[in-house]
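> Sequence:
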Amino acid sequence: MSTPDTTAGGLGSGISLGPTFRSRLDGPVKTGLTVIAALIFVIIAYFLLRLYLESRPVFSEYGAFRFVTDNAWLPSKASYGAWPLIAGTLITSVVALAIGVPVAVASALFLTELCPQRVRGVLTTLVELLAAVPSVVYGLWGVFFLIPKLKPIEQWFSDTFSFLPFVGGTVAGPNYFIAGLILAIMIIPIVSSISREVLATVPREHKEAALALGATRWEMIRIAVLPYARPGISGAAMLGLGRALGETIAVTLVIGNAARLGDSIFSQGYTLAAVIANEFGEAASDPVHRAALIAAGLVLFVLTLFVNAIARWVVTRGERRLAAASRVIQEPNAPVKESAA
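Under my numbering, the first residue of the sequence shown carries the number 1, and numbering increases by one thereafter.
Any given hint might turn out to be false.
Distance ranges between label pairs, derived from CB positions [as the list claims (entries may be wrong)]:
(1) T316 with A131: 49 to 55 angstroms
(2) T170 with A284: 32 to 38 angstroms
(3) K77 with I223: 33 to 39 angstroms
(4) I249 with E128: 54 to 60 angstroms
(5) A209 with E128: 30 to 36 angstroms
(6) T170 with I310: 16 to 22 angstroms
(7) L114 with A324: 29 to 35 angstroms
(8) L74 with E128: 40 to 46 angstroms
(9) L49 with T316: 24 to 30 angstroms
Hints in this document: simulated from the structure, not taken from any laboratory. Just so it is clear, CB atoms sit at the ideal spot from N, CA and C, and this is done for glycine as well.
Use the sequences and the hints to build the structure in full.
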């Protein structure tokens, strides 16, 4: 009784790719992936060039430095200074990071280290569902619920802690803080998701070693989990910052749309994304106004690229430090090289 032929081309066999054929695929696959990766940089460079060319009318009339640093954005008087917009974007994003990142990291720690297994999946899904809520819903919730409910508390805080910098005065309804709070809620899913994945990669040996030395659960998290995951958490925070910088609709609804630099965190303001959304329609008949809005988009694009570059640098630097520490642990008797001064 003969056995069926299982070699390539035999009856009853699947398709078998020999090593020679696979080696022939390596070159084209590598070339294709390289081309795709290069296209990303080409597209980014094209966006930058196109935005700059469309912004040239305002740069020619005012100059790039004056456009970025001037404090007056008054289209009715043909005055286009983007500093209040840049400051509003940075203020709301910093508020979002200050509130959202601790909550996101705490939720990630709870889900990976403390949460019972039977409810972990449900809670993880609930946190991730925050990302599915449209930004306009967040904005409307802020307008009709957060602003009226938080205004008395904001006024009390403003009066009580008026000695602090950037605090004090009369609280406006829409303001920087409300916009930052909305952004904080919106960045929680992305920061929590990335932090949770990073925390899940902490080696079990590190945790068990800390517990074996007598550490409590919280001490184990502090000395074994967080140091290992710090680079990834920092990168997640930077990506959340990039998300906050570019948010448009929700911020437009709750920041007040006042093109001036507020004197407190509870003042009305404006952001780069909000001014583009509000004024682009009416700027169609004014080339300089239109160019100013495109220039605002260029500044926002550069800010976002800068934030992502910092995130990549932070993660890479942390990975190198962890790799160096791992080598020292694995080779305790290896000589330590002194760095040159």
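> Each hint needs a verdict: does it hold in this structure or not?
Going down the list of hints, with the structure as the test:
{"no.": "1", "hint": "T316 with A131: 49 to 55 angstroms", "in the structure": "violated (26 angstroms)"}
{"no.": "2", "hint": "T170 with A284: 32 to 38 angstroms", "in the structure": "holds (36 angstroms)"}
{"no.": "3", "hint": "K77 with I223: 33 to 39 angstroms", "in the structure": "violated (59 angstroms)"}
{"no.": "4", "hint": "I249 with E128: 54 to 60 angstroms", "in the structure": "violated (21 angstroms)"}
{"no.": "5", "hint": "A209 with E128: 30 to 36 angstroms", "in the structure": "holds (32 angstroms)"}
{"no.": "6", "hint": "T170 with I310: 16 to 22 angstroms", "in the structure": "violated (36 angstroms)"}
{"no.": "7", "hint": "L114 with A324: 29 to 35 angstroms", "in the structure": "holds (30 angstroms)"}
{"no.": "8", "hint": "L74 with E128: 40 to 46 angstroms", "in the structure": "holds (43 angstroms)"}
{"no.": "9", "hint": "L49 with T316: 24 to 30 angstroms", "in the structure": "holds (27 angstroms)"}
Taken one by one, the earlier hints fail for this structure at numbers 1, 3, 4 and 6, listed in ascending order.
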